[in-house]
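Residue numbering for the sequence shown follows the working numbering, starting at 1 and increasing by one per position.
Hint data in this document are derived by calculation from the structure and do not stem from the laboratory.
A virtual CB, placed ideally from N, CA and C, is assigned to each residue, including glycine.
Treat the hints with care, since some could be wrong.
Said to hold, decoys possible - Computed list of lysine-lysine pairs in DSS-like fashion (alpha-carbon distance at most 25 Å, straight line): (1) K182 with K45; (2) K132 with K204; (3) K7 with K132; (4) K45 with K297; (5) K36 with K243; (6) K181 with K45; (7) K297 with K7; (8) K297 with K69; (9) K232 with K243; (10) K204 with K180; (11) K7 with K45; (12) K36 with K182; (13) K204 with K247; (14) K7 with K180; (15) K246 with K232; (16) K69 with K36; (17) K247 with K36; (18) K69 with K247; (19) K300 with K132; (20) K181 with K247.
What the hints assert, rightly or not - Simulated DEER-style distance windows between Cβ atoms: (21) I63 with R106: 51 to 61 Å; (22) A51 with A195: 16 to 26 Å; (23) P197 with T129: 14 to 24 Å; (24) K182 with I63: 48 to 58 Å; (25) G244 with P131: 26 to 36 Å; (26) G136 with Y245: 18 to 28 Å; (27) N200 with T37: 33 to 43 Å; (28) R44 with F189: 23 to 33 Å; (29) W11 with R106: 51 to 61 Å; (30) L185 with Y89: 25 to 35 Å.
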Amino acid sequence: MNYKLLKNIDWVLLGLVIAISCISLFVLSSSGYEPKTYSSAALRKQAFYVALGVGGFLVCTFIRVSVWKYWSYFIYGVGCAMLVGVIFYGDVGGGAQRWLDLKIVRLQPSEVMKIGLILALGRFLARDTAPKDGYGLVDLILPGIIIGIPTALIFAQPDLGTALTLIMISGSMLWFGGIKKKVLLLMFFTAVVIAVPVWNWGLKDYQKDRVLTFMNPELDPLGKGYHAIQSKIAVGSGGTFGKGYKKGTQTQLRFLPEQNTDFIFSVLAEENGFIGAFTLLSLYFFLILRIFFIASKGDKFSTFLSFGIAAYIFWQLFVNIGMVIGILPVVGITLPLVSYGGTSVISFYISLGLVSSVAVKRMNFK
């Protein structure tokens with residue numbers, strides 16, 4: 001064991017991550033509680049996933065950033081290959097084909113692809129030949145291809161939420177890398193123009209229903225609008241201090257859908273109130289702030305890598321919270337490090353392990 005490496009782990013980063021995971025375990029012990037068995041299967045499995053995640057974090061920490069840069073395009077390619085595999089061999093669940101059953105583990109390649117895209121795009125943006133005065137339209141052809149391939153494959157599953165998340169992460173990285181203002185305006189107007197054909201021919205009926213019920217959930221309160229209405233009731237009823245541990249009516253009576261995954265923040269807000277929600281959001285704030293601090297100390301690739309992972313956490317947090325409080329349509333986006341799920345939890349830990357490797361790089365490896 002190289003104790004110099006152990007000493008140079010960014011313990012603030014790891015501490016914030018584990019603190020958020022502890023909140024996840026606490027909430028799952030209530031939301032996943034089964035009265036017949038007096039236990040929570042979701043809690044036990046999540047604890048296992050967190051343990052694997054911490055292991056992945058430490059392994060990634062001790063791999064040099066230069067290695068991640070060298071293999072970035074390969075990892076991206078593997079991610080794309082897995083997404084193609086989903087089309088032919090993927091398992092169907094909830095009306096979407098998003099998972100690969102590898103016998104040993106059931107994997108959601110779109111989660112892995114987020115890391116692969118950040119690595120590949122970070123390497124492209126960090127190259128020495130990058131334009132100094134900002135990216136023009138022609139300069140964006142190659143990064144557009146890098147972004148477009150996985151986004152199209154994920155959109156076809158269909159998984160609109162994750163596809164949009166990839167676009168937001170990539171857009172943030174491109175903005176950070178510098179885009180000419182006229183190109184930004186052109187991209188905005190292009191998005192407006194293609195919105196109509198995407199709505200008419202690109203979206204499934206249930207995806208259109210989500211948008212329509214987002215604007216007016218009362219159109220179908222027991223059907224398409226049910227998720228949004230029950231979530232807002234749970235969040236609003238928590239008040240300042242919450243109803244108490246295992247005392248949330250929406251949660252314990254199972255009125256709240258997907259309460260272990262997409263709507264776990266609603267459980268936290270109902271049972272722990274504004275204080276619990278504010279505590280979790282504060283931890284996210286300091287986590288992203290810490291990533292920015294680490295990014296400021298790295299080389300160009302390390303900076304783009306860290307910034308991309310910060311964008312990954314921020315946008316998933318933004319979309320998930322917006323969804324549960326009713327300011328965004330309901331999409332299948334998990335709450336970082338908190339929602340139940342192996343692929344999601346481990347992917348976040350690995351991505352943060354990459355940030356940790358940037359912090360360790362500052363030491364002398366000799």
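Outcome of the hint check:
no.: 1; hint: K182 with K45; verdict: violated (49 Å)
no.: 2; hint: K132 with K204; verdict: violated (42 Å)
no.: 3; hint: K7 with K132; verdict: violated (38 Å)
no.: 4; hint: K45 with K297; verdict: violated (36 Å)
no.: 5; hint: K36 with K243; verdict: holds (23 Å)
no.: 6; hint: K181 with K45; verdict: violated (48 Å)
no.: 7; hint: K297 with K7; verdict: holds (18 Å)
no.: 8; hint: K297 with K69; verdict: holds (17 Å)
no.: 9; hint: K232 with K243; verdict: holds (15 Å)
no.: 10; hint: K204 with K180; verdict: violated (34 Å)
no.: 11; hint: K7 with K45; verdict: violated (30 Å)
no.: 12; hint: K36 with K182; verdict: violated (62 Å)
no.: 13; hint: K204 with K247; verdict: violated (38 Å)
no.: 14; hint: K7 with K180; verdict: violated (43 Å)
no.: 15; hint: K246 with K232; verdict: holds (18 Å)
no.: 16; hint: K69 with K36; verdict: violated (50 Å)
no.: 17; hint: K247 with K36; verdict: holds (17 Å)
no.: 18; hint: K69 with K247; verdict: violated (48 Å)
no.: 19; hint: K300 with K132; verdict: holds (14 Å)
no.: 20; hint: K181 with K247; verdict: violated (52 Å)
no.: 21; hint: I63 with R106: 51 to 61 Å; verdict: violated (26 Å)
no.: 22; hint: A51 with A195: 16 to 26 Å; verdict: violated (44 Å)
no.: 23; hint: P197 with T129: 14 to 24 Å; verdict: violated (35 Å)
no.: 24; hint: K182 with I63: 48 to 58 Å; verdict: violated (40 Å)
no.: 25; hint: G244 with P131: 26 to 36 Å; verdict: violated (57 Å)
no.: 26; hint: G136 with Y245: 18 to 28 Å; verdict: violated (56 Å)
no.: 27; hint: N200 with T37: 33 to 43 Å; verdict: violated (49 Å)
no.: 28; hint: R44 with F189: 23 to 33 Å; verdict: violated (51 Å)
no.: 29; hint: W11 with R106: 51 to 61 Å; verdict: violated (33 Å)
no.: 30; hint: L185 with Y89: 25 to 35 Å; verdict: violated (42 Å)
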